[in-house]
Every structure is written in C-alpha cells, then in structure tokens.
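Here's the letter readout for the chains.
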Amino acid sequence: MNVYMDHEASRPVDPLVLEAMMPYFSEKFGNPASFHKLGFEAQRAMKTARGQVASLIDAQESEIIFTSSATESNNLGLIGAARRHRKRGNRIVVSGIEHISVLNVCKELGREGFEIKYVPVDSEGIIELDRLSELVNDETVLVSVMVANGEIGTIQPVKEVAEVAHQHGALFHTDATAAAGQISLDVSTMEIDLMTLSSNDLYGPRGTGCLYVRTGLRLKPLMIGGGQEAGMRSGSENIPGIVGMGKAAELAKETLLAEATRLTRLRDRLIRGMMESVPDSYLNGHRKQRLPNNVNMRFSYIEGESLILSLDQLGIQVSSGSACTAKTLEPSHVLLSLGLKHEEAHGSLVFTLGKGNNEGDVEYVIQHMPGVVRKLRAMSPLTPEELR
Amino acid sequence: MMYTEKVLDHFRNPRNVGEIEDADGVGTVGNPVCGDLMSIYIKVEDDRISDIKFKTFGCGAAIATTSMTTELAKGRTLDEAMQITREKVAEELGGLPPVKMHCSNLAADALHEAVTNYRTKNDGEGVS
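For the protein sequence lines, the chains are E and F, in the order given. For what it's worth, my numbering labels the leading residue of the first sequence as 1, then goes sequentially. For what it's worth, my numbering labels the leading residue of the second sequence as 1001, then goes sequentially.
No lab work stands behind these hints: they were computed from the structure. The beta-carbon is built from N, C-alpha and C at its ideal position, and this holds for glycine as well. Heads up, a few of these hints could be off.
Stated by the list, open to error - The calculated SDA-like cross-link candidates involving lysine to any residue, where the alpha carbons are at most 25 Å apart (straight line), are:
1. E:375 - F:1083
2. F:1053 - E:265
3. F:1043 - E:39
What the hints assert, rightly or not - Just a few of them, taken from the derived set where beta-carbon distance is under 8 Å, the chain F residues facing chain E:
4. 1011
5. 1017
6. 1037
7. 1039
8. 1055
9. 1057
10. 1059
11. 1063
12. 1095
13. 1097
Take the sequences, apply the hints, and build the full model.
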C-alpha cells in the first residue's frame, strides 16, 4: 500500500499535460520570436496557454506573465511593484504567514529602505482585519496577503484585504499558489492587482509559474534582456513548460468543483477519524475556512519527523512543520504565528490530499495513526502516565 | 537529508526503551522547545552499568542516537561510559546529517549526566 499525501510538496504531472507538452521539446521546438512557421507555431502555443491560464482566474490573456516558478512570481510581483511605484509610498504590509519567498523578499526590500509591517493572524490562521486597517496607511505602496496557506490550509478574506489596500491607494498582491485549482479565483471581483500562480500545484510541470499583472500596471523587471513577456520577464520562453501549465490550468478549471467536493469529504473524514482515534490530537488552522485538500494535525508529546519516518515505513508520505525536517532549527513560522508553543509546532503533521487519493487511502491512514502515535508516545518522557 | 540504514534500524527498533523505577543514576538533556529531550536511567553494580533504559522526545536522529548510546554503555564501567562521546555515537551509526550532529546528538551528554548523578549520590558512601 502506498499513500501519497504530500501534494503541497510536489504533485505528479497529469498524463494529459505531459502529452500536450511532448511535441514542444523536439518537434515543435520553435522560438516565438522567430518569423517563420516554427516561430508562429510557438506563438500560437503560448497564446493558447495564456488563454487557458487566464480563464482559470477570469483574467485577460495579456495579463499573464509567465515565469519560472511561484517564487519568481512573488519576487517579480513584490520587488517589481515596490521599486516601480515607490513614489506611492514606502510601506509594505504583509501577513506573518506568507510563503518564505514573500517573507524573504520583504526582508530584502527592508534592506532597500522600505518599511515592512507584518499583520498577525488569529489562532485559526485568519488575518486580523482590524490590525490590517491600522497598518495600511497612505504611505503604503503594496499589500500582500495569500489566498490560502498551503501548510495550514486557511483561506483568507482576500477581497476585504484588497479593499483596505485600495482605500489607501496601495497595490494588492496575492499568492494564490496553494489555492489555485482548489477554490474559484476571479481577479476582478476579488480586486486583485497582482497574483502568483504555480504550474505544479495544478498538476503541471515544475519550472513554470506565472504572475497575473492587471492591465495598465507596470513593474520594474528583475530579468533584463530581450523584453519578452511585455518587457517584464526577459529570456527565451520555456514553451513546453508554458504549454504544460496552460493545459494544467484548463484541466483544473474543468474539474475544480467536483474535485473540491470530493476532497473536502475525504479531508473531513480524515480529520474526524484521527481526532476520534488518537487522544490529545488537535487540528491546526480553521475548521471550515480551509482548503479542500489540507489536514494539519498536532499530536502532543511527540515530534513530527519521527512521525513522518514511522508513517513512511507504512507507505504513507506526509510532511511536518517540525524544525527537525527543515534546514533551520526553527519550527514552522506559520504554526508559531497561530500562537502554538515550539513543542506543539514540533508535533504537527501536514497531510495534503490530491487527485490520486481515495477513501481507501484515508481509511488506511486512520487505521495506522493510533499505533504509530502510541509507539512514539511510549518512548517519550513527556507522555503523561495515562497515555503510556 | 538522508539517514543511514543503521540510524533507521535504531529508530524502528530502539534498544533499551523505558524507565528504571529505582535507577541509581538519571541524566536528562535537551529541551522540548528545541524539539529534543532525552532521559537515560542507569543501574550500577560493581562500578559497571548493569542495566540502562531511555526515553526520548524528538526526531529520528534523537531516538536512534539515544538507543545507540544505551547499547554502547551497557555492561561498561562508569569510566568507560564517560569516554563515550557524541562523535563515537554518530560514528557507530554510520554518520548523521550535519544539522543533526548538534541538535539531536545529545544522548552521550545524558549518559554522562546519569553517571555523574550516580557518583554524586554515592559520594562519600565508602566507595573503595
């Protein structure tokens, strides 16, 4: 039995996506800048892909700028907007649970002289709108709050955040990497200026992402060269990757509602099953305002990496917010932002479901979790007498 | 970051897990805030470690290193036990990922603390 529940880390490329990409490696290898049939073929392929991605978020084709990753899109969106629109103000406001690429970009912008303010989240991971309103002022150039957090699954009230930003004339960027393909996104009703998407989160290939840039908005590019992607991202285009991301976006749009319903049911069964069978287990994040595929649980008295290793032996692949699986020695900043203690954050596990998962997988996890937890608790000096 | 087969073996089948109710010496190091906490319990007969048990909260490396430490220490004289170093434990496990050398490889310290704890308690009780 193998149960892969680490889709936030990586997703398999959909076979239909791979099929769509294949000709663009060796057969249709043209450069869209070329003025001949191979070039035109590449241009058409890009146009189709741009349309497919735009359609997923209700944008226009010309508003999609392809990049190499969500990380690059976050870099371009934040640095490009901050540097280009510095006259609007010097302050940047972000949530404390943004992806590490957003937080580290903000540190860098801080070194360039921007004033960075972090909006806290409540104990369920929802941004504190009151605090946001206090922090966003007329000196604010940019606000960035993610649509949903991939680790704890919490979905943010992005439209309300955008309204606060726009009241003060600030631009609004949102990282939709974890949310895309799982919840409906509409850039115009959500009042979004800049949105980051990744291909792999849609079952497309790695090495491709995009940034939605609202019509009329200009950014200072990070990559200087031949002026591809409306001058905002130079470099010969990764056509197979772009074609793959387009196809992945098309499939995501088609299957979104049905898949979200199916995953929500599996998610809720998994949460209930584990909470009922494992004493002193808790859900991290919001119960309802949550991505359909995300389960983040905390098991007291034990540590996440040892849980992962034990589950891996049983053919279950998951992730953890524990420091012990990270390059740094700090547990997940997201879990600490919820107000969890370090030792609580260490004992957290993230299950991210996906297309390949079914009811059998969920039952398999529920069946094995109590034994795995019991064995580790029996070894732990923190376990209270009654649970040994 | 990968663990050796030896580390995984000690993680999956830890040796000497448990507590000793009437231990002669106990050593505890680490801190749950950092993600690692380990306690080692020893029984001492004729200046030798006749029995040893451990409890660990922590990652795979923390559990494996404590297990290995107890295995290395069992049956040894107290002086020999004091010679067991973190490096020796890691070496016996076929190596540890660099980041784990400092954060999780604390069991030798717990062992030394248990021995010191025993010696302190028995100080002046006519140790010949």
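So, residue 1037 of chain F near chain E? Judge it on the closest CB pair being under 8 Å. Result: holds, 6 Å to nearest chain E Cβ.
Take the shortest C-beta to C-beta distance between residue 1011 of chain F and chain E; is it under 8 Å? holds (6 Å)
Is the interface hint for residue 1097 of chain F satisfied, with its Cβ closer than 8 Å to some Cβ of chain E? Violated - the Cβ of residue 1097 of chain F stays beyond 8 Å from chain E, reaching only about 10 Å at its closest.
Satisfaction of hint between residue 265 of chain E and residue 1053 of chain F, Cα-Cα up to 25 Å: violated (44 Å)
So if I understand the rule, the pair passes when the alpha-carbon distance is 25 Å or less; does residue 375 of chain E with residue 1083 of chain F pass? violated (31 Å)
Holds or violated: is there a CB of chain E closer than 8 Å to the CB of residue 1017 of chain F? holds (5 Å)
Close enough to count: is the Cβ of residue 1055 of chain F nearer than 8 Å to one in chain E? holds (4 Å)
Would the pair residue 1043 of chain F and residue 39 of chain E pass a check requiring their Cα atoms to be no farther apart than 25 Å? violated (79 Å)
Taking the closest Cβ pair, is residue 1059 of chain F under 8 Å from chain E? holds (4 Å)
Can you verify the interface hint for residue 1063 of chain F: is its Cβ closer than 8 Å to any Cβ in chain E? holds (6 Å)
Minimum beta-carbon distance criterion (8 Å), residue 1057 of chain F to chain E: holds (4 Å)
Satisfaction of the residue 1095 of chain F interface hint, Cβ to chain E closer than 8 Å: Since the shortest Cβ distance to chain E is 17 Å, the answer is violated.
Of the hints listed earlier, those the structure fails to meet are numbers 1, 2, 3, 12, 13, in rising order.
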